[in-house]
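Going line by line, the protein sequences match chains V and P.
Mapping of the first sequence onto our numbering: position 332 corresponds to residue 332, and the numbering continues sequentially without gaps.
Each number in our numbering corresponds to the 1-based position in the second sequence with 1000 added.
No lab work stands behind these hints, which were simulated from the structure alone.
Any given hint could be a false lead.
As the list claims (entries may be wrong) - Label pairs and their computed distance ranges (CB to CB):
(1) Lys1017/P x Leu342/V: 54 to 64 Å
(2) Phe1005/P x Leu342/V: 21 to 31 Å
(3) Phe293/V x Ser1128/P: 49 to 59 Å
(4) Ser1033/P x Glu191/V: 21 to 31 Å
(5) Val1052/P x Gly267/V: 38 to 48 Å
(6) Phe1005/P x Arg324/V: 54 to 64 Å
(7) Ile122/V x Glu1053/P: 36 to 46 Å
(8) Ile89/V x Ser1009/P: 30 to 40 Å
(9) Glu191/V x Ser1128/P: 44 to 54 Å
(10) Ser1042/P x Ala319/V: 14 to 24 Å
(11) Ser1128/P x Leu257/V: 31 to 41 Å
As the list claims (entries may be wrong) - According to the in silico footprint, chain V covers these stretches of chain P (three or more CB under 8 Å from chain V):
(12) 1010–1020
(13) 1048–1062
In this text, a Cβ means the ideal position worked out from N, Cα and C, and glycines have one as well.
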Amino acid sequence: MQILYYIIIHKYDGILDPYRGRMTDVVYLDKMLMKTGLNKIFLLLALAAGVAFADPIPAEALTQGGLQMRDRQLRDIGLVMRGGRGGFIDIGYTYTPSSEQLQLKSQYGVHNGYAFRHHYGIFGSWVLDSISHFGFLTWFDRTGWDSQDFFFFPHYGKFAHISSALTWGFSYTNKKYDATVALGLQHQNLELASHRIYENESDSLLFYWAHARYKSLSFQGSFYRGTFQTLRFSLDLESRALYGGAGSGFKTYLPNLNATIYRRKSGDDDDNFVRLNWEQNLYEQVLYADVTFDFPDDGFRSAALKYYPDPSRMIGFEASCVRRHERAGASDLLWGGAIDILFIRLGYNSVFDYENMFHAKGTLIAEIKFQIGAADGKFFGHGAAKPAPMETTQNSIDLKKFMKSHAEQNMGTTTRDSEGRKVLHAKGIRYENEGAATTSSEGGN
Amino acid sequence: MSHLFIDTSTRLQVENKTDVTILGLDVVSDDGSSVSPWIRESIEPGEKSKVVEEDWVGTFRVRVRFDKWDKYEKMIAVSCVTDTRDVRVRGLKKQSEVGVTQRDAGSGCDGEGEQTYAELELDFEGGSQYLVVTQDDDGKAVFKFK
């Protein structure tokens, strides 16, 4: 309601004062502080700050979004394949209430509108025999920018860029050898890109991908017509109780490493680079550090400190820092953070949002989401080390006993009418005690 | 959802209160290489243009082309410029008040003749917008939304 109010005020000002160039956000706040209570100020401040400091997203970032989507999906799948059985679901929808929050920067100027990211990831598996699990997985992202926000049917504005990536495939997990193989296809489709402001892109690209895991070692690759796009080698040394490992002790402090070779062209030459990720348990699998480096040239890429109140990772807090390679020096670093509370994720300048929302910065991005993994009757979040603690209570009611006692309570609720006749009120089903001298008025059809 | 309360296009009408003809209004890219026409008709002094709806909502660089500018010797008249960006900055006093630049394309510039235009950044909030072009005592062109 507050969000709507903010936008209405905004529009209203625009109508009343057509001479103004652009009303500053300070003026908004002054007006609103007078009209709203103190308890609402923080929310409004957050919203105003979200709009005031936001940088428009560059059109180039949208044309480069395809690789990012495909790579993120394969990374997600890699984490789910750590177990390779059970199920996993992840659905999310970014919500940015103002059309001035994630504007688009094109060669003509700055366009009002909405950057969006709608996605889901689903994995389900069947138990073939006691050790074999067969699974199917599908990951889908639809991202871009449009002049209106939407759920399913875009506005298709004249400056819109909408593209999607779908990854699907099959998996087989053998519990005895603790191994998983998965493979499938990856489609990248350009739904719409305005020729007026975006560079030409290839439409309808088809990639192959494969993933193989043996214990904590895994290998993943995606290919386009016989040439690799990404090759990833992962060493998940951290011991996880969720997958039958240790719940505490030094083994849980071993690092998770992965190195990815990305195919990149500069001109006609190969300019491949390697991104190295290092995730490190710092304290009892609730506090992690996650650092990324790029080789050979760029060096430090990003760092995040993540705190999960429970190792099941249903809830998470993170502080992060990403190097943008725009200018040299400290101003190159973008500091931010995010809060993830099961159904909603709020991020401000976080690494994830920077990378997955077209270099969005300086604005609060909300994602309405739901994500849960399940295996062996236990639940956990993405990349978790332990299942969520659960309390199972047998709470079923013995219906027969309940009805009997209920009926007994109702015995003797007879009344007399005005002529002194006995009237019996039927309430529900009644069990009659054998030999009991009761008169029943029910069951007469 | 947002379409319930947000305009995603601007319906623009231009009124010419100067004493020269306006030949048209375009949205131009930063480097001037791409031009997207908006108001294509010429607007005689004292006339109004037709209303033209386009998807421009935001802040854009707009070029208003004039037939001539009577007091152009008082303006920043630039002939044969390679970097038009400099011209704009020098001619731009306030957002709504810009100098009219004249480009003489006769001596090696890549135009087809003399072009007199004003370039400025304008905020389009969507919906109906009415742009009035006037000239002040100093001979500057003044652009105001009404």
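Hint by hint, here is what the structure shows:
1. Lys1017/P x Leu342/V: 54 to 64 Å: Check passed, 59 Å falls within 54 to 64 Å.
2. Phe1005/P x Leu342/V: 21 to 31 Å: holds (30 Å)
3. Phe293/V x Ser1128/P: 49 to 59 Å: Since the Cβ atoms of Phe293/V and Ser1128/P sit about 53 Å apart, the hinted range of 49 to 59 Å holds.
4. Ser1033/P x Glu191/V: 21 to 31 Å: holds (27 Å)
5. Val1052/P x Gly267/V: 38 to 48 Å: holds (43 Å)
6. Phe1005/P x Arg324/V: 54 to 64 Å: violated (34 Å)
7. Ile122/V x Glu1053/P: 36 to 46 Å: holds (42 Å)
8. Ile89/V x Ser1009/P: 30 to 40 Å: The hint (30 to 40 Å, Cβ to Cβ) holds, given that Ile89/V and Ser1009/P are roughly 38 Å apart.
9. Glu191/V x Ser1128/P: 44 to 54 Å: Hint violated: Cβ distance 31 Å, outside 44 to 54 Å.
10. Ser1042/P x Ala319/V: 14 to 24 Å: violated (58 Å)
11. Ser1128/P x Leu257/V: 31 to 41 Å: violated (59 Å)
12. 1010–1020: Three-residue rule not met by the region 1010–1020 of chain P, so violated; n is 0.
13. 1048–1062: holds (count 8)
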